[in-house]
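Heads up: the sequence lines are chains H and U, in that order. When the letters of the first sequence are read in order and numbered with the working numbering, they come out as residues 1 to 452. When the letters of the second sequence are read in order and numbered with the working numbering, they come out as residues 1 to 224.
Think of the hints as simulated: they come from the structure by calculation, not from any bench. Owing to the predicted nature of the structure, the values given are computational and were not obtained by experimental measurement. Be careful, since some hints might not be right.
Unchecked claim - Taking CB as the label site, the calculated pair distances span:
id, chain 1, residue 1, chain 2, residue 2, range
1, U, Glu189, H, Glu227, 27 to 35 Å
2, U, Ser173, H, Ile210, 46 to 54 Å
3, U, Glu18, H, Pro384, 48 to 56 Å
4, H, Glu244, U, Ser155, 35 to 43 Å
5, H, Glu251, U, Glu48, 30 to 38 Å
6, U, Ser173, H, Ser435, 33 to 41 Å
7, U, Ser173, H, Asp336, 47 to 55 Å
8, H, His374, U, Pro130, 33 to 41 Å
9, H, Gly329, U, Pro130, 16 to 24 Å
10, U, Tyr182, H, Ala422, 48 to 56 Å
Claimed, not checked - Output of the computed footprint for chain H on chain U, the stretches with three or more beta carbons under 8 Å from beta carbons of chain H:
id, stretch
11, 19-25
12, 28-37
13, 65-79
14, 106-119
Unchecked claim - Derived, one-sided and incomplete: chain H residues facing chain U with beta-carbon distance under 8 Å:
id, residue
15, Glu220
16, Ala222
17, Gly262
18, Pro384
All residues carry an ideal CB built from backbone N, CA and C; glycine is no exception.
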Amino acid sequence: MPGHPSCEIAGLQPGDHLCWIYRNDIEFRSFLASFLRQGLAQKERVLCILNGQTTSEFVKPLEDDGAVLNTALHCGQLIIFEAIETCLWDRCFDPERMIAYLRSEEERSLRDGYGGLRIVGDMSWALRDIHGAECLSEYEARLNEFVPNCKCLGLCQYDQRRFKADMLLDALSIHPMVAIGAELFRNPYYIPLRNLRGDDFFQARFECQIGNLIRQKRTEEALKQDEERIHMLSRQLLQAQETERRRISRELHDTIAQDLCGLKINLDTLLLDSPGQTPEERERVAKMSRAVHRSIVSVRDLAYDLHPPELENTDLVETIRRHCDDIVGRTAMGIDLLAIGIEDVRLNLDTRLALYRLVQEGLINITKHADATHVLIHLCFSAPDIILRIQDNGRGFDVRERFGAAVAERKMGLHVMRERVAMLNGEIRVESQPSLGTSILVRIPCMEGEDA
Amino acid sequence: MPKRKTVMIVDDHPLFREGVKSLLGRHSSHEVVAEATTGEEALAKVAELKPDIVIMDISLPDSNGLDVTCAIRRTLPRTRVVILSVHLRVDFITRAFQSGASGYITKESASERLLECLESVSKGDLYMDPILHTAIVQNVMKSSAQKSVTHPCYSSLTPRELEVLRFLAEGLSAKEVAGKLYVSPKTVENHRSKIMKKLDLHTAVELVRYAAKFGMIDVSLWKK
């Protein structure tokens, strides 16, 4: 997933050597600005080697950071120079000499008290008439030895508009890391051997690509396994949740409510049994009895909420209807429930529960987010399936965006519904458009049979 | 002085049984002659003591109080059963009376209503806890409206006919349906005419409209 450039760049460390291929000025600005800012903030010295640009031409597009860059230039934390005017003054490129130069710069930075040296090098000098430009690959390969062993971070800058594809391919095979535009990648095309020429190079490249194929396949397999694991886990979670709800509901109803009833009847008869009580004492006991009564009512409501007891023995449609009535009573929303054929099949408890929960979750989503005035629910036995449709006339949403953002926002309603349907080998489709309402279609194979 | 009515309490909560006993002990009209904590024990004691009234909880450790009620009513039709339960759902109440109970009260109303209830059922009347009245009336009102939702004609379709109905409504030709179901187009035609007859439909459009109305096929009712 493409992150914000500055987040990914923050992960870069001294010792990293990357090639940065950008396609336009926007990519150039956004990545470079973050890269420089991070370096300066981390108290590293930043060295920019330009090609054919003046310092002010280089800094201009970054003017949002102008003040910071100027301060850094002044105090010597940021050093910007043009290659031809300095290290390539004799129009000769010698990898050895360049590395030696960088090494001395690194040592100087550390002596000056900086945490390291961050180098940005515009590689387009290699396109100019420079003696030794053909040694570019060799130089990059030597950087792979130099950079990881010192406090240097090297960013080699390749403008895709200027370099030909063969040079870019070479760059790809030489850098352990690659940034495309503003995104960072671990570079699968990197060939960790240096100074290869001709057949050896092609051999290494071939092996690298075969390795990539295998690795990619393994990654896909692992991903698939992970996905299956997640599905399995979420199913188990849903099942566990259902079991727990049922258990708690039973416990509330069959133990706590029962005990409270026992308590109440005894409090009430206590009054009858002891005629010697004062009116104050009677009133106190009566108050206690009323409090117990209230507790009975709330415990029972809670128990019914957690697990509707009707689902166990009476029909699904009636349970759903009652739930809809509850919601209509609590909200200003109208709900039509149109059920057909369901009473003709003996659905097993899992299916009944899932359909009930789907309606419940669908309606929760609608009351929370849709701002709808009307909901239409279809529940239909259409052999060999049960079909459930929940349609609202609310504000709707962008389905793909919603599913994508849900995880991050911890709004998992739709995902839970999806998982529930998958558990019963069914299908779910969510159709929605902003301002046109939402329609959820569920198709579940009709599983008849006794409850487990 | 009329003979005291004999009462048996079936409930597995001792505290509650104590309460009921103490409540009835205050009045000379009823006498608790036995207690039981399970359905099995209840049936054995009922057969032995033939009480006038059985006060029955629904959730028993070994069985459902409503099933026990059925059994008691079968063997001793003159014994009245009063359900005394925590449950407040209409369908429990309905099933209680269907099982042969003569009264239903919730446990929290017991201290106020139990005696009244026992007197009613002794006279041969049915008794229902007043706090249930609203729910029951609402349910009666609703179920009359609901009658229109049960469709005997739809229920009379066979699973195969239901399948054919959906395919036809989705716009498949008889030949295409035949291909999907591995039967001859003629069989599909037969199914089709039976479906039309059972549902009292006359044209293909009516069939599609019917399927759409009940959500079998994908025609959004909002986008009219």
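Each hint tested on the structure:
no.	hint	verdict
1	U:Glu189 with H:Glu227: 27 to 35 Å	violated, 46 Å
2	U:Ser173 with H:Ile210: 46 to 54 Å	holds, 52 Å
3	U:Glu18 with H:Pro384: 48 to 56 Å	holds, 55 Å
4	H:Glu244 with U:Ser155: 35 to 43 Å	holds, 36 Å
5	H:Glu251 with U:Glu48: 30 to 38 Å	holds, 34 Å
6	U:Ser173 with H:Ser435: 33 to 41 Å	holds, 37 Å
7	U:Ser173 with H:Asp336: 47 to 55 Å	violated, 33 Å
8	H:His374 with U:Pro130: 33 to 41 Å	holds, 35 Å
9	H:Gly329 with U:Pro130: 16 to 24 Å	holds, 21 Å
10	U:Tyr182 with H:Ala422: 48 to 56 Å	violated, 28 Å
11	19-25	holds (count 4)
12	28-37	violated (count 0)
13	65-79	violated (count 0)
14	106-119	holds (count 5)
15	Glu220	violated, 34 Å
16	Ala222	violated, 37 Å
17	Gly262	holds, 3 Å
18	Pro384	holds, 7 Å
Going through the hint list in order, the structure does not satisfy hints 1, 7, 10, 12, 13, 15 and 16.
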